[in-house]
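Student: Just so you know, the sequences run in chain order A and B. Residues in the first sequence are numbered consecutively from 1, following this note's numbering. Residues in the second sequence are numbered consecutively from 1001, following this note's numbering.
Some hints could be false.
With the Cβ distance kept under 10 Å, some of the chain A side facing chain B (calculated, not the full set) [unchecked claim]:
# : residue
1 : I32
2 : L66
3 : T89
4 : K91
Sample of chain A residues lacking proximity to chain B, with all beta carbon distances greater than 10 Å (derived) [stated by the list, open to error]:
#  : residue
5  : E11
6  : Q23
7  : V27
8  : I42
9  : D61
10 : Q64
11 : L84
List time: in silico PhoX-like cross-link candidates among lysine-lysine, alpha-carbon distance up to 25 Å [unchecked claim]:
#  : chain 1 : residue 1 : chain 2 : residue 2
12 : A       : K38       : B       : K1216
13 : A       : K56       : A       : K79
14 : B       : K1304     : A       : K38
15 : B       : K1304     : B       : K1234
16 : B       : K1271     : B       : K1034
17 : B       : K1034     : B       : K1129
18 : B       : K1098     : B       : K1034
19 : B       : K1098     : B       : K1234
20 : A       : K38       : A       : K91
21 : B       : K1080     : A       : K38
22 : B       : K1191     : B       : K1234
23 : B       : K1348     : B       : K1191
24 : B       : K1129     : A       : K38
25 : A       : K91       : B       : K1216
Everything labelled a hint here was simulated from the structure, so no lab data went into it. Keep in mind it's a predicted model, so treat the numbers as computed, not measured. Heads up, the beta-carbon is just placed ideally off N, CA and C, and yes, glycines get one too.
Residues per chain, in single letters:
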Amino acid sequence: MTEAPHIVTEETVLSFARGHRLQHDRVRDVWIVQAPEKAFVIEGAAPHILRLLDGKRSVGDIIQQLAIEFSAPREVIAKDVLALLSELTEKNVLHT
Amino acid sequence: MTLPSPPMSLLAELTHRCPLSCPYCSNPLELERKAAELDTASWTAVLEQAAELGVLQVHFSGGEPMARPDLVELVSVAQKLNLYSNLITSGVLLDEPKLEALDRAGLDHIQLSFQDVTEAGAERIGGLKGAQARKIAAARLIRASGIPMTLNFVVHRENVARIPEMFALARELGAGRVEIAHTQYYGWGLKNRDALLPSRDQLEESTRAVEAERAKGGLSIDYVTPDYHADRPKPCMGGWGQRFVNVTPSGRVLPCHAAEIIPDVAFPNVKDVTLSEIWNLSPLFNMFRGTDWMPEPCRSCERKERDWGGCRCQALALTGNAANTDPVCSLSPFHNLVEKAATGVPEKPELLYRRF
């Protein structure tokens, strides 16, 4: 299988790059991603997607699980998940 | 009353002791001695109170934080509290066993400082023979450990032309991030301003070098400009008492590392009061918080919630009053002081090195 680097597909297996993690900020009650010398708030579907990253599940598995959990059409979920994970992979927050 | 929003970051200045003696050191002119330093239990309490208050990241700094034998223990405390831990170090005290211990304790990131790319330039600023080789060795150990690394270069008139080589070194050593920070002119930096401040041409050249490197990709770059050549002030610390809290080696709590020069106000200490009380209620943290304290031209300025009036310490150091508009702003009646320093052609003064 040939793939261009940084392109996330349903077969890709991702995890957080070292120095990055998902964290619930209980004082502000928001989800954040911790990164080198910064932390950024993530909202909407993003925390639900990122909490499923474990370095074992494929992106397709994550889409499947969210489609069931939220009773939403798979293609709608897939679009959001691929967009978010591609963006964070480009930024080296996630890696394969 | 509504409480201010909690701080995001804690700068924990564990010690002012350091093997280097850089003439732009961000520590105050009055350095705190070892005997005055907080003990491990007090720092542990500071970390616990910081996490409770809402701090997300702790930056272990100094001086040289690796001069503290309890650094590994404190990193481990931060890890248990889910605080993101960053070690800001010169690297000259780092060896493999110490790095392994920090790694096991859960250290998240290291910011490693370099004074220059040449040995002569580095020794002229840091004052420590052999430091450059030790830093390079430290960078290779960090790279091998997998802990994410930022290289930090403070730039000034003498080394600013070598920014392209600084990026090349960062790529060679495998750093994910580079910080090119023009010297900030407070404390020791202000004392050495006439020897360190780059010309406008040098500043423009350095900005071009940073942009050229950004265009290559693959390296995350933080660039901090010197505000002496600017017309509008920087949002110093993201606003007084809004995002950052600084604890000095002896436990004083400050809105920024230079704030001890502010006159006529008490500096609260974690030995007497909790971090939360200090952040929320102390006169020090409330004196320049928000916009109510502002004089004109800030008060009616549309930028007042963007730059927060600039830097209080700079206003004090250059105009004699911390409540004045930062004189970097061209609307300040004192702006000519900054222009004069920025455009004057000083003789080449001797560097004054930091010392106790």
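Student: What hint numbers does the structure not satisfy?
Tutor: Per hint list: 2, 3, 6, 7, 19, 24 violated.
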